[in-house]
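Heads up: the sequence lines are chains A and B, in that order. Counting in my numbering, the first sequence runs from 2 upward without gaps. Counting in my numbering, the second sequence runs from 154 upward without gaps.
Hints are supplied without guarantee of correctness; some may be wrong.
[To be verified] Computed cross-link-like contacts, SDA-like style, restricted to lysine to any residue with a CA-CA straight-line distance of at most 20 Å: (1) A:LYS58 to B:ASN207; (2) B:LYS156 to B:ILE200; (3) B:LYS205 to B:THR179; (4) A:LYS2 to A:GLN38; (5) B:LYS263 to B:THR179; (6) A:LYS58 to B:ARG244; (7) B:LYS222 to B:ASN176; (8) A:LYS14 to A:ARG64; (9) B:LYS259 to A:ARG64; (10) B:LYS263 to B:LEU233; (11) B:LYS259 to A:GLN45; (12) B:LYS259 to A:GLN38; (13) A:LYS58 to B:ILE253; (14) B:LYS259 to A:GLU103; (15) A:LYS2 to A:PRO109; (16) B:LYS156 to B:ASN176; (17) A:LYS58 to B:LYS156; (18) B:LYS156 to A:GLY41; (19) B:LYS205 to A:GLU103; (20) A:LYS2 to B:GLU211; (21) B:LYS259 to B:THR179; (22) B:LYS205 to B:ILE227; (23) B:LYS156 to A:GLN38.
The hints are simulated quantities; they were obtained by calculation from the structure and are not laboratory data.
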Amino acid sequence: KAGVTQTPRYLIKTRGQQVTLSCSPISGHRSVSWYQQTPGQGLQFLFEYFSETQRNKGNFPGRFSGRQFSNSRSEMNVSTLELGDSALYLCASRPTQIRGGETQYFGPGTRLLVL
Amino acid sequence: DAKTTQPPSMDCAEGRAANLPCNHSTISGNEYVYWYRQIHSQGPQYIIHGLKNNETNEMASLIITEDRKSSTLILPHATLRDTAVYYCIVRPLVGNYQLIWGAGTKLIIKP
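Just chain B, with the same shape it has in the complex (with noise of 0.2 Å):
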């Protein structure tokens, strides 16, 4: 089972900042925090990853609470073309590297 939750939709106004919460209460010590997105049936894009600290490039920023048990993605201006099912997803620093992927978030930016 996926050890994330998340909220099945989200909706925001394009040319906003786009929030999208995770939440992984049981994440242990040596697990990554990882976010893809899946534009209508393409492969999932890999977008960005954190252990602990804050993460930015030049698609977004990740920012994992002190306590590591959520963390927030942020597409800092969103555009049509991120209406997308982002999931989060953790997986271990070493070991097995196989993805579990829960329902993800549905993203839907308006115009």
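One chain only, chain A, in its complex shape (with noise of 0.2 Å):
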């Protein structure tokens, strides 16, 4: 079964663009979740989505949105890049069945970096 994939892998973009990241899930899999990863904050929660709506969100500014499609694959966008966004942006999956569905199984991410 293949796993969690990101496009695209690598970034670049300056600052005040916008960008739009993409993930698709392990087949089969209904819930998708977002993280940054930077050297100083480490992983951290973006948010979660199910059924097309999002479940849970961490604290981040507006700025970052998703969204999720009726085949499970998931976009992430942030606007008006800073330089603070740079980062490896990595998308997990997960079964959601009641027994075995918690474990999130993650992307390879996309590295962004914005100048």
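Once you've looked at the hints, go ahead and assemble the two chains, each given alone in its own frame, into the complex.
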């Protein structure tokens, strides 16, 4: 079974631009979570989507948004990019079955550099 | 804030067992202990998780103390490819599935 895939893998943007990152979960997984990883703050939760609805949200400004499609694929968008948004953005999926549905499996990440 | 405490770094000789400790003294009865590792800037890799009983899979063993306030991840025969940052995380059985990450333990396997 293929793992979580994320595109693009690397991205360079300039301040003020916006960016959209994509995540395809493991086949059959219905929940997608997004995390940001920076050297200073470590891994931080952004939000989780299930059945096209945001179920949980971390402490990030409204410039960070996401959505999920009916096929469970998800995108996250960052508007008005700032230098501090440079990070590794990670997507994780889980099955959401009652038993064994809790484990999240991560993709390789998208490395975003804001200049 | 993360609910776990781990040593910032550890060394282990190749071929020996690597034992990584984790303290989670405030864990509640409905929380799992999860272990992930991250090899240099790749996505975190799931290793193992447990609730009360010790667990073993093809990658590692997880030993949870009887009072559940601490656990140890055991890599039985460490290889150079096991060099990574290892994260111990607690999260509830149901409800909020977000993972709250600490700084983890940087494990270096030496030849």
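The hints, checked one at a time:
| no. | hint | result |
| --- | --- | --- |
| 1 | A:LYS58 to B:ASN207 | violated, 32 Å |
| 2 | B:LYS156 to B:ILE200 | holds, 19 Å |
| 3 | B:LYS205 to B:THR179 | holds, 15 Å |
| 4 | A:LYS2 to A:GLN38 | violated, 26 Å |
| 5 | B:LYS263 to B:THR179 | violated, 34 Å |
| 6 | A:LYS58 to B:ARG244 | holds, 16 Å |
| 7 | B:LYS222 to B:ASN176 | holds, 6 Å |
| 8 | A:LYS14 to A:ARG64 | holds, 15 Å |
| 9 | B:LYS259 to A:ARG64 | violated, 33 Å |
| 10 | B:LYS263 to B:LEU233 | holds, 7 Å |
| 11 | B:LYS259 to A:GLN45 | holds, 18 Å |
| 12 | B:LYS259 to A:GLN38 | holds, 16 Å |
| 13 | A:LYS58 to B:ILE253 | holds, 13 Å |
| 14 | B:LYS259 to A:GLU103 | violated, 25 Å |
| 15 | A:LYS2 to A:PRO109 | holds, 16 Å |
| 16 | B:LYS156 to B:ASN176 | holds, 8 Å |
| 17 | A:LYS58 to B:LYS156 | holds, 19 Å |
| 18 | B:LYS156 to A:GLY41 | holds, 19 Å |
| 19 | B:LYS205 to A:GLU103 | holds, 16 Å |
| 20 | A:LYS2 to B:GLU211 | holds, 18 Å |
| 21 | B:LYS259 to B:THR179 | violated, 23 Å |
| 22 | B:LYS205 to B:ILE227 | holds, 16 Å |
| 23 | B:LYS156 to A:GLN38 | holds, 18 Å |
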